[in-house]
Amino acid sequence: MSAAAATPSLRRQAPYLAWRSVIRTVRQPIVIVPPLIFPLFLLAINASGLSAATNIPGFPTDSYLAFALAFPFMQGSIFATNTAGTNVAQDIGSGFFNRLALTPMSGPSLLVGQLTGVLLIGMLQAVAFLAAGLAAGASIQSGVLGALVLFLLSLCICAAFGAIGLFAGLRTGSAEAVQGLFPLMFILLFLSSATLPRDLIASDWYRTVATINPVSYLIEGLRSLIITGWDFQALALGFGVAIAIFVVGIWGSTIALRNRMERT
Amino acid sequence: MEAGNGIEAKGLVREFKNGPRAVDGIDLRVEPGEIYGFLGPNGAGKSTTVHMLTTLLPPTAGTATVAGYDIVTDGAAVRDAIGVALQDAALDLLLTGREHMKLQGGLHGLSSEEIATRGDALLQRVGLAEAADRRVGGYSGGMKRRLDLALALIHSPRILFLDEPTTGLDVQSRAALWDEVSGLARRDGVTVFLTTQYLEEADALADRVGIIDRGNLVAEGTPAALKAQIGRPTLEAVPVDTAQKERLETVLAGFGDPLPVSNGSAAVRLADGTEELADVVRRLDSEGIKVADLQLHAPSLDDVFLAKTGRSLEGAGDEEQVEQETGEEAEVTA
Chain A
1 MSAAAATPSL
11 RRQAPYLAWR
21 SVIRTVRQPI
31 VIVPPLIFPL
41 FLLAINASGL
51 SAATNIPGFP
61 TDSYLAFALA
71 FPFMQGSIFA
81 TNTAGTNVAQ
91 DIGSGFFNRL
101 ALTPMSGPSL
111 LVGQLTGVLL
121 IGMLQAVAFL
131 AAGLAAGASI
141 QSGVLGALVL
151 FLLSLCICAA
161 FGAIGLFAGL
171 RTGSAEAVQG
181 LFPLMFILLF
191 LSSATLPRDL
201 IASDWYRTVA
211 TINPVSYLIE
221 GLRSLIITGW
231 DFQALALGFG
241 VAIAIFVVGI
251 WGSTIALRNR
261 MERT
Chain B
1 MEAGNGIEAK
11 GLVREFKNGP
21 RAVDGIDLRV
31 EPGEIYGFLG
41 PNGAGKSTTV
51 HMLTTLLPPT
61 AGTATVAGYD
71 IVTDGAAVRD
81 AIGVALQDAA
91 LDLLLTGREH
101 MKLQGGLHGL
111 SSEEIATRGD
121 ALLQRVGLAE
131 AADRRVGGYS
141 GGMKRRLDLA
151 LALIHSPRIL
161 FLDEPTTGLD
171 VQSRAALWDE
181 VSGLARRDGV
191 TVFLTTQYLE
201 EADALADRVG
211 IIDRGNLVAE
221 GTPAALKAQI
231 GRPTLEAVPV
241 DTAQKERLET
251 VLAGFGDPLP
261 VSNGSAAVRL
271 ADGTEELADV
281 VRRLDSEGIK
291 VADLQLHAPS
301 LDDVFLAKTG
311 RSLEGAGDEE
321 QVEQETGEEA
331 EVTA
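Line by line, the protein sequences give chains A and B. Residues in the first sequence are numbered consecutively from 1, following my numbering. Residues in the second sequence are numbered consecutively from 1, following my numbering.
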């Protein structure tokens, strides 16, 4: 049997890298706690400070808490960019990446493995945010099945932003550069329909930016399940944009990985 | 021993952007089961050579085969045949020693049973059985190096690359690692390619030594043969009265070739070997030069390095490090 023929498959390798990613995640409370706490903190501020917005004619719900509940899901996903990118950049900086490159590890195994830890955090976030929202009085208009779809869309968004983080980490090899993306992501979040429905944004430029901002469609997909029920157009756009961002992120990561792993 | 356990390189070159040729046309051949010491100062091109031979870095020119596989066209097969411990023991500080074995074994395609059996045996062998379930972040430098060695061996490689495996280790840890590496070659027939900047390490471990300087292989042979090329011992004397140093140098120059030394002493490579020692002492006595210390040195690998490059190995790397750091470091880590 040639050595090349003995090369383990993606199916065998990816679980080991995923296992490592999960272990790393659960052993770093600093990676888990902020993505859980900060979004809830902002939710509390928004829900109490902006509740008067429900008085605006045409506002889609009388509970600003329910309206704003999609916000922490999105904000938590932005942390995924940071976590995924920082992890891979640290591996490059420490030389651990070379250790992996010296095994028969395939590129896709690394990408899948690295995203697993991010998805774990995403899952914890989804449970925590939903539980907090329900405990504070929000309800899910789409019911139990809708809550499951909310989890699924939330995980898709985490994977999408995680893939962007992977790309940044692999491209730059610098944890600092990855962390530099964080403010940019926040600007995208605030320039979306996160705090007001797009049709109620009075300022033209703000409404235009929110309309071309893909984050708006992710938030609207999540929000539709909470305040509307089953809005298939919003869901299709939400899942579509998440998948598109994921594909772009993975495509960029694959190229960056190929360049980074210059091995023959 | 298998014929396919060797390493052969022909005209191996690696050029970096905006930098000099880190490796400038190296030819070498390592026989199966041999411990080959690759000796040179920092920045000489040792690590770049290892990165090329282990497929982490494609050569700019030249060819090489490792375990019978071409490093450029058959990288995956090369990686499957080799174990590598790079210069920095790159470990995940959040994982335990045993978890590292599991990850490394899994990526090499070993079954869970193989990973458990072989992992435990290797951890035992490198003296980490008790620390196996502790996170690596709490390991000492020596423990990390030993774990690195065990990880390199998890898939039973035929060839082992060790890039400065004992740099920064204390004497005891270094000796333990030497024993293990020596045993791998003698007992298990593993071919070992070892880079080092320590003369005594190359002397103690290597069957053959290649001396690299500024990307070129300047000498190659067994430590004994290389020292025999230099042949003559050196004599170093320290005058009691530093004012007599110049006279001391003049007297010694009459017995051979003067050598550059610091710290107020004078040294000479004796033209006719150790028999001249008595004559030197008599002459110093007759000249009234009192010496505080007189030492006769057998030729060392440093003498070989000095003879081949005109510089001493110690400190030779500093200037080269500065020259090459920008280009090499930036790309090797890639």
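The hints are simulated quantities; they were obtained by calculation from the structure and are not laboratory data. A virtual CB, placed ideally from N, CA and C, is assigned to each residue, including glycine. Treat the hints with care, since some could be wrong.
Claimed, not checked - Restraint ranges, calculated between C-beta atoms of paired labels, are given here:
| no. | chain 1 | residue 1 | chain 2 | residue 2 | range |
| --- | --- | --- | --- | --- | --- |
| 1 | A | Arg11 | B | Arg187 | 42 to 48 Å |
| 2 | A | Ser94 | B | Ala116 | 50 to 56 Å |
| 3 | B | Asp27 | A | Ala177 | 36 to 42 Å |
| 4 | B | Ser182 | A | Phe41 | 55 to 61 Å |
| 5 | A | Ser94 | B | Asp279 | 56 to 62 Å |
| 6 | A | Ser94 | B | Ala271 | 19 to 25 Å |
| 7 | B | Ala121 | A | Ser139 | 54 to 60 Å |
| 8 | B | Leu277 | A | Gly95 | 22 to 28 Å |
| 9 | B | Asn18 | A | Leu200 | 42 to 48 Å |
| 10 | B | Gly310 | A | Ser94 | 35 to 41 Å |
| 11 | B | Ala175 | A | Arg27 | 29 to 35 Å |
| 12 | A | Pro29 | B | Ala175 | 50 to 56 Å |
| 13 | A | Arg12 | B | Gly4 | 21 to 27 Å |
| 14 | A | Arg11 | B | Ser182 | 52 to 58 Å |
Go ahead and decide if the range 29 to 35 Å is satisfied by the Cβ distance of Ala175(B) to Arg27(A). holds, 34 Å
Leu200(A) and Asn18(B) - C-beta distance against the hinted 42 to 48 Å: violated, 55 Å
Should the hint that Ser94(A) and Ala271(B) are 19 to 25 Å apart at their CB atoms be regarded as holding? Cβ of Ser94(A) to Cβ of Ala271(B): about 53 Å, so the range 19 to 25 Å is violated.
Taking 50 to 56 Å as the stated bounds, is the beta-carbon spacing between Pro29(A) and Ala175(B) within them? violated, 40 Å
For the pair Gly310(B) and Ser94(A), does the Cβ-Cβ distance stay inside 35 to 41 Å? The hint (35 to 41 Å, Cβ to Cβ) holds, given that Gly310(B) and Ser94(A) are roughly 38 Å apart.
For Arg12(A) and Gly4(B), compare the CB-CB distance with the range 21 to 27 Å and indicate the outcome. Between Arg12(A) and Gly4(B), where Cβ atoms are some 26 Å apart, the hint holds.
For Ser94(A) and Ala116(B), compare the CB-CB distance with the range 50 to 56 Å and indicate the outcome. Given range 50 to 56 Å: violated, Cβ gap about 26 Å.
Distance restraint hint 42 to 48 Å, applied to the beta-carbon atoms of Arg11(A) and Arg187(B): violated, 36 Å
Note whether the CB distance of Arg11(A) and Ser182(B) lies within 52 to 58 Å or breaks it. violated, 40 Å
Taking the CB of Asp27(B) and the CB of Ala177(A), does the distance hold inside 36 to 42 Å? With Cβ atoms ~41 Å apart, the hint holds.
Within 22 to 28 Å: is that where the Cβ-Cβ distance between Leu277(B) and Gly95(A) falls? Check failed, 50 Å falls outside 22 to 28 Å.
Lying within 54 to 60 Å: is that true of the beta-carbon distance Ala121(B) to Ser139(A)? holds, 58 Å
The structure does not agree with the numbered hints 1, 2, 6, 8, 9, 12 and 14 stated previously, though it agrees with the rest.
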